[in-house]
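The listed protein sequences derive, respectively, from chains A and B. Under the numbering used here, the first residue of the first sequence is numbered 718, with each subsequent residue one higher. Under the numbering used here, the first residue of the second sequence is numbered 789, with each subsequent residue one higher.
Bear in mind the hints are in silico, worked out from the structure with no lab data behind them. Just so you know, even glycine gets a beta-carbon here, dropped at the ideal spot from N, CA and C. It is possible that some hints are incorrect.
Here are some chain A residues pointing at chain B (derived, C-beta under 10 Å) [claimed, not checked]:
id, residue
1, Ser728
2, Phe733
3, Arg805
4, Tyr811
5, Glu812
6, Phe845
Listed below are the simulated DMTMM-like cross-link pairs for lysine to aspartate or glutamate, each with C-alpha atoms no more than 25 Å apart in a straight line [stated by the list, open to error]:
id, chain 1, residue 1, chain 2, residue 2
7, B, Lys899, B, Glu873
8, B, Lys958, A, Asp860
9, B, Lys958, A, Glu812
10, B, Lys880, A, Glu812
11, A, Lys903, B, Glu1009
12, A, Lys815, B, Glu1009
13, B, Lys835, B, Asp814
14, B, Lys958, A, Asp802
15, A, Lys903, B, Glu1015
16, B, Lys899, A, Glu812
17, B, Lys880, A, Asp818
18, B, Lys799, B, Asp826
19, B, Lys1032, A, Asp802
20, B, Lys804, A, Asp802
21, B, Lys804, A, Glu812
22, A, Lys815, B, Glu1015
23, A, Lys815, B, Asp904
24, A, Lys903, B, Asp943
25, B, Lys935, B, Glu1009
26, B, Lys1014, A, Asp818
27, B, Lys794, A, Glu855
28, B, Lys794, B, Asp830
29, A, Lys903, B, Glu940
30, A, Lys815, B, Glu873
31, A, Lys903, B, Asp826
32, B, Lys794, A, Asp818
33, A, Lys815, B, Glu940
34, B, Lys799, A, Glu812
Negatives, chain A to chain B, calculated, CB over 12 Å [what the hints assert, rightly or not]:
id, residue
35, His749
36, Ser751
37, Leu905
38, Ala933
39, Leu935
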Amino acid sequence: MNKKTNLLNSSVGRKFLMGATGLFLCSFLVIHLSGNLLLFKNDGGIAFDAYSEFMATNLLIRTIEIGLFAGFLAHIIFGAWLWLDNRRARPQRYEINKASDSSTLASRTTFLTGSIVFIFLVVHLNTFFVPTRILGIELSMYDLVVEAFKNPVYDAFYVIAIALLGYHLRHGFQSAFQTFGIRGQKYLMLVNIVALIFWLIIPIGYISMPLYFLWAHLSGVN
Amino acid sequence: MNFILKAWRQKNGNDKGMFVAYSAHDISPDASFLEMLDVLNDELVKKGEEPIAFDHDCREGICGSCGLMINGRAHGPQRGIATCELRMRSFKDGSSIVVEPWRAAAFPVIKDLVVDRSSFDRIMEAGGFISVKTGGSPDANAIPIPKSISEEAMDAAACIGCGACVAACKNSSAMLFVGAKVSHLALLPQGRSERTERVEHMIAQMDEEGFGGCSNTYACEAECPKEISVVHIARLNREYLRAKLV
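The whole structure should be built from the sequences, with the hints applied where relevant.
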């Protein structure tokens, strides 16, 4: 009897990939946010545009960017695959299912929150990435940000999507460590503290941007 | 006590099945859920109707035969007990109770509330054992095992294989069951020598049977009648990654 399969053919292996790509994307969230904090430098966007120029032209950054896209794709494709597999495992639903008595809403809705974040990602890339990096239009990234965030509907979508990203990470971040088998009293505490940075503090950082520029627009600063 | 029971009735695996409402009268508050079903079935037999089929054996929470989804909770609303240990006093007099079989592609319904859990047996056959040569019985304590390790292995060994973890999981995942079995044997020196093949074979069989993956919702731990911890799922993941990557 030979029941060995390769890692990614197994449900555990695919979960491992979800965890690994998820944490990799978390690292991107930190870098993306820290760079974008330059938006708040009160210099009319000079520093931010210089930073954007660097990110767009540096060979190392552009190479890592390929890995980033691969990470996103793998996380999205494997996430959808697992979701389909998991649905197939329960063809008939319960008449009554009190799932809230035994698990958290965040843990049961990662596919839904992830799907909304995916839509956000498409919109986000379409606003900022496509015109500058793909169509190659020469414009100031700072002006693009200011212009985009003038629209309150667009800002509201941003805020909701980022909040849902936080909710996604509320379960996702610590879940990855369980999948890697890293669980023990000493780790659990540390993981939960670091998780707080990812599901709460970083989303607040991102949300502050559309809110700030909307406020600036409405109060006539920009 | 009196209850309105909405029970799942299904003639066989091919039947579509449906809920049928029954009223259960004069039930003792101290009766177990299964005894309440016995009383109801007696009445059905007297009326010439087909009694409701359900699995049961020891009726003291150690065999793992019984298992019903009661009002949307595996083994009913109480924690840390099997259906046979659930007393009718846990319900409000006159209330209606919905009873369903475990729902999972890997646990097909045989009849009414009885499901086929032989997929668990096949997972066990794939690696949930240790290969030993029979012979003279070895000395007790010939292999020293630290108390904390033997305790943790015993906690995992408490699994009775009832399938509540699968029933409670939104993905019908068997990770807590497999985790308990792999963890139990991997912790002890007798099981360690075959740990690599064991975890690979058991996970492969688990996937083949059509159980879903683990989303770490931990609903399984909350509904397990033996309160087996998801720490054992973490160890299962670790054992699997070790087998694949090391």
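How the hints compare with the structure:
| no. | hint | in the structure |
| --- | --- | --- |
| 1 | Ser728 | holds, 4 Å |
| 2 | Phe733 | holds, 6 Å |
| 3 | Arg805 | holds, 6 Å |
| 4 | Tyr811 | holds, 6 Å |
| 5 | Glu812 | holds, 6 Å |
| 6 | Phe845 | violated, 32 Å |
| 7 | Lys899/B with Glu873/B | holds, 23 Å |
| 8 | Lys958/B with Asp860/A | violated, 46 Å |
| 9 | Lys958/B with Glu812/A | holds, 13 Å |
| 10 | Lys880/B with Glu812/A | holds, 20 Å |
| 11 | Lys903/A with Glu1009/B | holds, 21 Å |
| 12 | Lys815/A with Glu1009/B | holds, 15 Å |
| 13 | Lys835/B with Asp814/B | holds, 17 Å |
| 14 | Lys958/B with Asp802/A | holds, 12 Å |
| 15 | Lys903/A with Glu1015/B | holds, 22 Å |
| 16 | Lys899/B with Glu812/A | holds, 17 Å |
| 17 | Lys880/B with Asp818/A | holds, 18 Å |
| 18 | Lys799/B with Asp826/B | holds, 19 Å |
| 19 | Lys1032/B with Asp802/A | holds, 22 Å |
| 20 | Lys804/B with Asp802/A | holds, 23 Å |
| 21 | Lys804/B with Glu812/A | holds, 14 Å |
| 22 | Lys815/A with Glu1015/B | holds, 18 Å |
| 23 | Lys815/A with Asp904/B | holds, 23 Å |
| 24 | Lys903/A with Asp943/B | holds, 20 Å |
| 25 | Lys935/B with Glu1009/B | holds, 24 Å |
| 26 | Lys1014/B with Asp818/A | holds, 17 Å |
| 27 | Lys794/B with Glu855/A | violated, 68 Å |
| 28 | Lys794/B with Asp830/B | holds, 17 Å |
| 29 | Lys903/A with Glu940/B | holds, 17 Å |
| 30 | Lys815/A with Glu873/B | holds, 20 Å |
| 31 | Lys903/A with Asp826/B | violated, 49 Å |
| 32 | Lys794/B with Asp818/A | holds, 21 Å |
| 33 | Lys815/A with Glu940/B | violated, 30 Å |
| 34 | Lys799/B with Glu812/A | holds, 18 Å |
| 35 | His749 | holds, 26 Å |
| 36 | Ser751 | holds, 29 Å |
| 37 | Leu905 | violated, 10 Å |
| 38 | Ala933 | holds, 41 Å |
| 39 | Leu935 | holds, 42 Å |
Hint compliance for this structure: hints 6, 8, 27, 31, 33 and 37 are broken, all remaining hints hold.
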